[in-house]
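Student: With the hints as your guide, set chain B onto chain A.
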Amino acid sequence: MTPACSLERDSQTLHRPSVAEGLALEEALLESICHGEGDFGLVAWSPQDRALVMPRRHERLEGFPEARAALAAQGWPIQFRSTGGTPVPQCPAVINVALALRCRVTGSAAHLEWGYRRLGMPWCDWLSELGVTAPNLGEAPGAYCDGRFNVRIGERKLVGTAQRWRRVRGCRDMAMLAHGAMQVGETPETLVGVVNAFQAAIGDPERFSPASHIALGQLLPEARVEAALPGLLARLAEDA
Amino acid sequence: MTTDITVPADLWEGETEGVITAWLVNDGAEVAQGDLVAEVMVEKAQYEIEAPVSGRLSITKEEDEVVSKGTLIATLQA
Numbered sequence: 001m002t003p004a005c006s007l008e009r010d011s012q013t014l015h016r017p018s019v020a021e022g023l024a025l026e027e028a029l030l031e032s033i034c035h036g037e038g039d040f041g042l043v044a045w046s047p048q049d050r051a052l053v054m055p056r057r058h059e060r061l062e063g064f065p066e067a068r069a070a071l072a073a074q075g076w077p078i079q080f081r082s083t084g085g086t087p088v089p090q091c092p093a094v095i096n097v098a099l100a101l102r103c104r105v106t107g108s109a110a111h112l113e114w115g116y117r118r119l120g121m122p123w124c125d126w127l128s129e130l131g132v133t134a135p136n137l138g139e140a141p142g143a144y145c146d147g148r149f150n151v152r153i154g155e156r157k158l159v160g161t162a163q164r165w166r167r168v169r170g171c172r173d174m175a176m177l178a179h180g181a182m183q184v185g186e187t188p189e190t191l192v193g194v195v196n197a198f199q200a201a202i203g204d205p206e207r208f209s210p211a212s213h214i215a216l217g218q219l220l221p222e223a224r225v226e227a228a229l230p231g232l233l234a235r236l237a238e239d240a
Numbered sequence: 001m002t003t004d005i006t007v008p009a010d011l012w013e014g015e016t017e018g019v020i021t022a023w024l025v026n027d028g029a030e031v032a033q034g035d036l037v038a039e040v041m042v043e044k045a046q047y048e049i050e051a052p053v054s055g056r057l058s059i060t061k062e063e064d065e066v067v068s069k070g071t072l073i074a075t076l077q078a
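Protein sequences, first through last, are from chains A and B. Per full-length UniProt numbering, the first sequence starts with residue 1, numbered consecutively. Per full-length UniProt numbering, the second sequence starts with residue 1, numbered consecutively.
Just chain A, with the same shape it has in the complex (with noise of 0.2 Å):
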């Protein structure tokens, strides 16, 4: 896997969209790159609104109109997203980065490993730089949306990772965005709370455990992070 990447900064400071144009930011990213604008791009935006944000296939679940009207009547609307995963709460509680990559692929393999470790060390590297002891990827049972590249802290998810790879326009490149979500305020117990409202009103028995996750106002509640979030797109425009 080959980065082909000239670099553009033109986002170093975070972004306070609804999840909507939040979302839209994500895509215009990806599709900038598809469309051969420029071959690297970072995005960091933190909702003004809230919504539970998942893939559009969960529209096709037994029940999905009723569940969705119940969660818009606890406040928590219903928007779906363009990567991977399952349901996951979008609130001005959480950053969100996005890394897009124009990536001219070869005959290795494990292109989304790649992408996962290309977004989640940088961010683990700003973690330890911030303070935080020993962040590191892989999995965390009993969190929701969750996968083998989490950013975690003791185990905990603090940086839920998603994907979306789509061709380049008139060539054999790949673009890809691959995005986090880092809880930073709230506690765990609110957030996973959304996403068992929507496990029960689904009827899907699956429950997600606080327990799982942190926020990293609970490890560092001094911490200004949006002062300190240009270092993590200094980072990861780095490699670029």
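In case anyone wonders, no lab produced these hints; they're calculated from the structure. The structure presented is a predicted model; accordingly, all values stated were derived computationally and were not measured. Accuracy of the hints is not assured; some may be wrong.
As the list claims (entries may be wrong) - These stretches of chain A come out as covered by chain B in the derived footprint (C-beta under 8 Å, 3 or more residues):
| no. | region |
| --- | --- |
| 1 | 56-70 |
| 2 | 141-148 |
| 3 | 196-210 |
Where a beta carbon is used, it is the ideal one built from N, C-alpha and C, also for glycine.
Tutor: Leaving out everything else, chain B in the frame of chain A:
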């Protein structure tokens, strides 16, 4: 001539299975080379699959079916 559409064999490590999350065109539709036809999800990654050639699409794996690397998911009849 018939051309296979398969899940890329070099997309991820190991034997983790994926799932077809969406067909973007209907069974039996005419598609052009390069058209997006399907999305596969594995490891929380959505991967878009294009038509390798133009032709009439015949779907062999439906939405929500589990797939492995290299799985035949459709054919195109030129």
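Student: All the hints need checking, so say for each whether the structure fits it.
Tutor: Cross-check of the supplied hints:
1. 56-70: holds (count 3)
2. 141-148: With 3 residues close enough to chain B, the hint holds.
3. 196-210: Per the Cβ count (0), the hint is violated.
Violated hint for the displayed structure: number 3, the only one.
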